[in-house]
Amino acid sequence: MSAHLPENRQGLSGMAIAAREAPAAVLPPRPAPDIWRHQHVLDLDDFTVEEIELVMETAGAMKEVLARPVPRVPTLRGTTVITLFYEASTRTRSSFELAGKILGADVINIAASSSSVSKGESLVDTVLTLQAVGADILVMRHSRSGAPYLAARHTRASVINAGDGWHAHPSQALLDLFTIRSYLGDARGRKVLIVGDITHSRVARSNLWGLTRMGAHVTVCGPPTLLPVGLEGPQGAEAANELDRLPPVEIETDLDRAIKDADVVMTLRLQFERMQSGLIPSIREYCNLYQVTAKRLAKARPHALVLHPGPVNEGVEISLDVAHGTQSVIEEQVANGVAIRMALLYLLSRAKA
Amino acid sequence: MPEKLIMSPEDVRRAIVRIGHEIVENNRGCKDLVFMGIETRGVPLAKRIAASIADFEGEEIPLGTLDIGLYRDDLDDMGLVQIKPSDIPTNIAGKRVVLVDDVLYTGRSIRAALDALISYGRPGRIQLAVLVDRGHRELPIRPDYVGKNIPTSRQDDVQVRLTETDGSDAVVLITAEGE
Chain E
1 MSAHLPENRQ GLSGMAIAAR EAPAAVLPPR PAPDIWRHQH VLDLDDFTVE
51 EIELVMETAG AMKEVLARPV PRVPTLRGTT VITLFYEAST RTRSSFELAG
101 KILGADVINI AASSSSVSKG ESLVDTVLTL QAVGADILVM RHSRSGAPYL
151 AARHTRASVI NAGDGWHAHP SQALLDLFTI RSYLGDARGR KVLIVGDITH
201 SRVARSNLWG LTRMGAHVTV CGPPTLLPVG LEGPQGAEAA NELDRLPPVE
251 IETDLDRAIK DADVVMTLRL QFERMQSGLI PSIREYCNLY QVTAKRLAKA
301 RPHALVLHPG PVNEGVEISL DVAHGTQSVI EEQVANGVAI RMALLYLLSR
351 AKA
Chain Y
1 MPEKLIMSPE DVRRAIVRIG HEIVENNRGC KDLVFMGIET RGVPLAKRIA
51 ASIADFEGEE IPLGTLDIGL YRDDLDDMGL VQIKPSDIPT NIAGKRVVLV
101 DDVLYTGRSI RAALDALISY GRPGRIQLAV LVDRGHRELP IRPDYVGKNI
151 PTSRQDDVQV RLTETDGSDA VVLITAEGE
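For the protein sequence lines, the chains are E and Y, in the order given. Under this note's numbering, residue 353 is the last one in the first sequence; the count climbs by one each step, no gaps. Under this note's numbering, residue 179 is the last one in the second sequence; the count climbs by one each step, no gaps.
It should be emphasised that the hints constitute simulated quantities derived from the structure, not laboratory data. Just to be clear, a hint being listed does not mean it is correct.
[To be verified] Below are the EDC-like pairs computed for lysine to aspartate or glutamate, each with C-alpha atoms no more than 20 Å apart in a straight line: (1) Y:K31 x Y:D73; (2) Y:K95 x Y:D144; (3) E:K101 x Y:D73; (4) Y:K47 x Y:E25; (5) E:K101 x Y:D144; (6) Y:K47 x Y:E138.
[As the list claims (entries may be wrong)] Which chain E residues stay away from chain Y? Per the calculated CB distances, all over 12 Å, these: (7) M62; (8) D106; (9) P247; (10) S319; (11) T326.
[What the hints assert, rightly or not] Pair by pair, the computed Cβ-Cβ distance ranges are: (12) E:Q39 x Y:L139: 31 to 41 Å; (13) E:Q39 x Y:E138: 27 to 37 Å; (14) Y:N26 x E:Q39: 41 to 51 Å; (15) E:R284 x Y:T90: 31 to 41 Å; (16) Y:I141 x E:E314: 27 to 37 Å.
The structure presented is a predicted model; accordingly, all values stated were derived computationally and were not measured. Even for Gly, the Cβ is constructed at its ideal location relative to N, Cα and C.
Please build the complete structure, drawing on both the sequences and the hints.
Pasting the structure below:
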């Protein structure tokens, strides 16, 4: 365990200890990873266990960099990272920006509203322009599912999906997994409950892939109107639309039953426009049935973690005391987000070299 | 490929003990010494040198590990290198830090290690201990303690094998075919 890592609460040390107790016999060869095959990070559905492990280990090392008095390394000198956001964001955009800067990259932020997009420039033209000015890595958020896939087909740069419509948000799912592992050591066999609007949540979808791949038992819970059809219908390769595919998970509509013995309770943001579109009868009824409260949390495992991708509607999907309670790791998720995004930038830039 | 044994387990043991003695003599004791092993094989080497010094001096020297992956300038040739967290045991400002590595070759790893180390503070003095110096420096870097000098051709490969990482101790020279 590094002397520079803050020992806040039991968890952080957990992972470092696990890493240290790795078999002393034969260390993996250093200039190894043929493991990593990705030019882009678009979703976790095509990530192998080994690739996810590599991201976790790299992020662990990045966390040590973040804990230094001057967190700055020269690793990505000469690399240009451009963030292209067609949708508002605070934590995702700023953590990618910070991650790039800590690694010594040049970071340029572009908000669609203030770019030529507002003059009618197409997505492909924008991507080609950014490639021409020298983007090595393009971090992209778009309100349409699949937009980063289109971008990736038209550029030599690496594309990181920072959220596309209802579809995927891989870096968020990786930081959730990293946070869970730092407390529980391993996600394998753990019961992870995802509560709320699953249908419209790209965070939930990417987490379903990441968590099931790493061996967690995932249960989703929410009103039937907010559970995606893909969960019950054709799964895997049989789904008609590639973006509708989902891994098999437990489905539950009663939160009190679903939360029993959970190791991790992941709450999702309830978007108010869903209520207006008639998917739930009223916010009050939603709160009664699906709010994660201290009373409900008591049915989970004693040290169950509470996660939320933010921004939090306190008193809606989660009660105030739980959001700020001792079991909440919401703030740490944000901090871990920087380490995960550093790891992704590092892995993508090196894989290309 | 022809493989030649350059150091036996006993040679490795003796070299480590000798380096320990030289470090203590050169620094007039163990005061303010810190060992930093460079991942991967520098780490067990640093541990063994420290253990040997603990044997004959009765002093425990703080021991850390340094991962230089984030500081290398030759990564483009190496492709993807796995990064591990470094572990700095104590505030290194003003200390006498001994960097420990297995093979000294071009000097580029050591340059990266110097950068990495200095990002944690300003040591009073930095020294370098290596088990094998095989020559062919590309940078003005000179070791303070050497287990064995091995003249090599650039096409050769020198492998340090240690029990902790490879199952047994040995240093072998692998000569390129047709040489």
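In terms of Cβ atoms, is chain Y entirely out of 12 Å range of D106 (chain E)? It holds; D106 (chain E) is separated from chain Y by about 17 Å at its closest Cβ, greater than 12 Å.
Starting from K95 (chain Y), check that the Cα of D144 (chain Y) is at most 20 Å away, please. holds, 16 Å
Please verify whether K47 (chain Y) and E138 (chain Y) have alpha carbons no more than 20 Å apart. violated, 28 Å
Distance restraint hint 31 to 41 Å, applied to the beta-carbon atoms of R284 (chain E) and T90 (chain Y): violated, 57 Å
Non-interface claim for M62 (chain E), where every Cβ of chain Y lies beyond 12 Å: violated, 7 Å
Hint consistency between K47 (chain Y) and E25 (chain Y) [alpha-carbon to alpha-carbon, up to 20 Å]: holds, 19 Å
Least C-beta distance between S319 (chain E) and chain Y, which was stated to exceed 12 Å: holds, 36 Å
Measuring Cβ to Cβ, find out whether T326 (chain E) lies farther than 12 Å from everything in chain Y. Holds: least Cβ distance 27 Å, greater than 12 Å.
Beyond 12 Å from every chain Y Cβ - status for P247 (chain E): holds, 27 Å
Would you check the hint for K31 (chain Y) and D73 (chain Y), treating anything up to 20 Å between C-alpha atoms as holding? violated, 34 Å
41 to 51 Å as the expected CB spacing between Q39 (chain E) and N26 (chain Y), which holds or is violated: holds, 50 Å
Need the status of pair K101 (chain E), D144 (chain Y): alpha-carbon distance at most 20 Å? Given that 20 Å is the threshold and the Cα spacing comes to 36 Å, the pair is violated.
In this structure, the hints that do not hold are numbers 1, 5, 6, 7, 15 and 16, in rising order.
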